[in-house]
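Below are the chains, spelled out letter by letter.
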Amino acid sequence: MTEKTDVIIIGAGPVGLFAVFELGLLNINCHLVDNLDKVGGQCAELYPEKPIYDIPSRPVVTGQQLTEELIKQINPFKPKFHLNQQVENIAKTEYGWIVETNIGTKVEAKCIVIAAGAGSFVPRKPPIENIENFENKNVFYAIRDKSIFKDKKLLIAGGGDSALDWTNELSKDSNVTLIHRRKEFRAAPDSVSKMQELETKGKIKFLKGQIKKISKIKDSKLMIEYENDNERSKIEVDYLLPFFGLKMELGPIAEWGLNLHENLIKVDTEKFETSTPSIFAIGDINWYPGKLKLILSGFHESALMAQEVFKYCFPDKKNIFRYTTSSKELQKKLGV
Amino acid sequence: MPKLIITDRSGTKSEIEYDSNFTLMETLRDNGFDIEASCGGCCACATCHVYIDEKWTNKLKNMDDDEQSMLDQAFDVKNNSRLSCQIDLSEEFDGLEIEIAPE
Numbered sequence: 001m002t003e004k005t006d007v008i009i010i011g012a013g014p015v016g017l018f019a020v021f022e023l024g025l026l027n028i029n030c031h032l033v034d035n036l037d038k039v040g041g042q043c044a045e046l047y048p049e050k051p052i053y054d055i056p057s058r059p060v061v062t063g064q065q066l067t068e069e070l071i072k073q074i075n076p077f078k079p080k081f082h083l084n085q086q087v088e089n090i091a092k093t094e095y096g097w098i099v100e101t102n103i104g105t106k107v108e109a110k111c112i113v114i115a116a117g118a119g120s121f122v123p124r125k126p127p128i129e130n131i132e133n134f135e136n137k138n139v140f141y142a143i144r145d146k147s148i149f150k151d152k153k154l155l156i157a158g159g160g161d162s163a164l165d166w167t168n169e170l171s172k173d174s175n176v177t178l179i180h181r182r183k184e185f186r187a188a189p190d191s192v193s194k195m196q197e198l199e200t201k202g203k204i205k206f207l208k209g210q211i212k213k214i215s216k217i218k219d220s221k222l223m224i225e226y227e228n229d230n231e232r233s234k235i236e237v238d239y240l241l242p243f244f245g246l247k248m249e250l251g252p253i254a255e256w257g258l259n260l261h262e263n264l265i266k267v268d269t270e271k272f273e274t275s276t277p278s279i280f281a282i283g284d285i286n287w288y289p290g291k292l293k294l295i296l297s298g299f300h301e302s303a304l305m306a307q308e309v310f311k312y313c314f315p316d317k318k319n320i321f322r323y324t325t326s327s328k329e330l331q332k333k334l335g336v
Numbered sequence: 001m002p003k004l005i006i007t008d009r010s011g012t013k014s015e016i017e018y019d020s021n022f023t024l025m026e027t028l029r030d031n032g033f034d035i036e037a038s039c040g041g042c043c044a045c046a047t048c049h050v051y052i053d054e055k056w057t058n059k060l061k062n063m064d065d066d067e068q069s070m071l072d073q074a075f076d077v078k079n080n081s082r083l084s085c086q087i088d089l090s091e092e093f094d095g096l097e098i099e100i101a102p103e
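Residue numbers (our numbering), protein chains in the order written: chain C, 1 to 336; chain A, 1 to 103.
No lab work stands behind these hints: they were computed from the structure. Don't take each hint at face value.
[Unchecked claim] Here are the simulated SDA-like pairs of lysine to any residue, each with C-alpha atoms no more than 20 Å apart in a straight line:
1) 153(C) to 142(C)
2) 172(C) to 144(C)
3) 221(C) to 148(C)
4) 50(C) to 66(A)
5) 293(C) to 30(A)
6) 291(C) to 30(A)
7) 183(C) to 68(A)
If we strip away everything but chain C, and leave its shape as in the complex, we get:
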């Protein structure tokens, strides 16, 4: 089923969220898509606890606080979020555009607003020769169906929450070895103590080291070579599950035929429209002469973008500029 809205915003970081506000004031409804499982983008994923000092009127605010307050600010406009998915394809329709995500969500909208920051968060892959040949066969960066690991021998690599949570969970039905470069872990203390308890009971094994080489041996098993203090060792396993956090990459956006400037999307500074009419780009993902990657620049860009999107959504209407402080109409929309 295809849903219909006015604007589809790609990226639910601070700039994508504020775009909902600026568009909402002009009676434009939005859906947002984000690859993360939560709203807030880099502010929520990379530095939720870290202070930001350059948001006007906020001498200090953390990434998490900023996200929470933006969500509160846009709540009157009831945006719809499609999380845990990435927009893969876009196609022109009579109505505007239809976008489709990697899990099959389809939304039709008049305009597309790309607010994708530094791109999508994707798993960080270890730089091991030939690893791509084993991906989705013996090597998985995310787990969708844990039943395939039942009674198998697994090597889980990493020291964060994903590595430890999966070590603890999969140890119930599989033979699990955890490998990490040191015997300290950045995962939640509860998960760490549970893992240590499993190790003491002999339910899992721990290896100190870093993976250097993968090769295939008979019966579709993998031979993994790892190194610790310049000493190489080997382990034979059925599956390797590396969990080294996330990194950002532009992803499918690069294939949509938009004019780019060094992996950023070129826009004009009046409308923040890309080289394709009715596709806009705001925030860290865009480029124009003098661009600064600041959240406040993205907020400004949202407001100007909305003025142009209005023309696509309501070609016959005149947009009269109003202030939230004095306009009863805007205040009604905001529910204040």
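The hints should help you fit chain A onto chain C, whose structure is shown.
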């Protein structure tokens, strides 16, 4: 001006002058070295990984937990690995030798 000696990913050595108001990451980036530093220097990404010449490792401020934790997401981590955004330069590092870690 004090100097740093940098080995880039192709193995080429060069000398750069530095200003002690900046971090090592900022200095590398401002001098055009290929260092991603995607989080912009708030110790949240591990893409500014460098190796510090062993002679200097003891002279640097010790790593805090945040930096150690982020290094868990880097690859080819060695005993002399550091995240360059966490190294505040000062006059006393004149002659410091560093190598940019593989991507």
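Results for each hint:
| no. | hint | in the structure |
| --- | --- | --- |
| 1 | 153(C) to 142(C) | holds (17 Å) |
| 2 | 172(C) to 144(C) | holds (17 Å) |
| 3 | 221(C) to 148(C) | holds (14 Å) |
| 4 | 50(C) to 66(A) | holds (12 Å) |
| 5 | 293(C) to 30(A) | holds (16 Å) |
| 6 | 291(C) to 30(A) | holds (17 Å) |
| 7 | 183(C) to 68(A) | holds (12 Å) |
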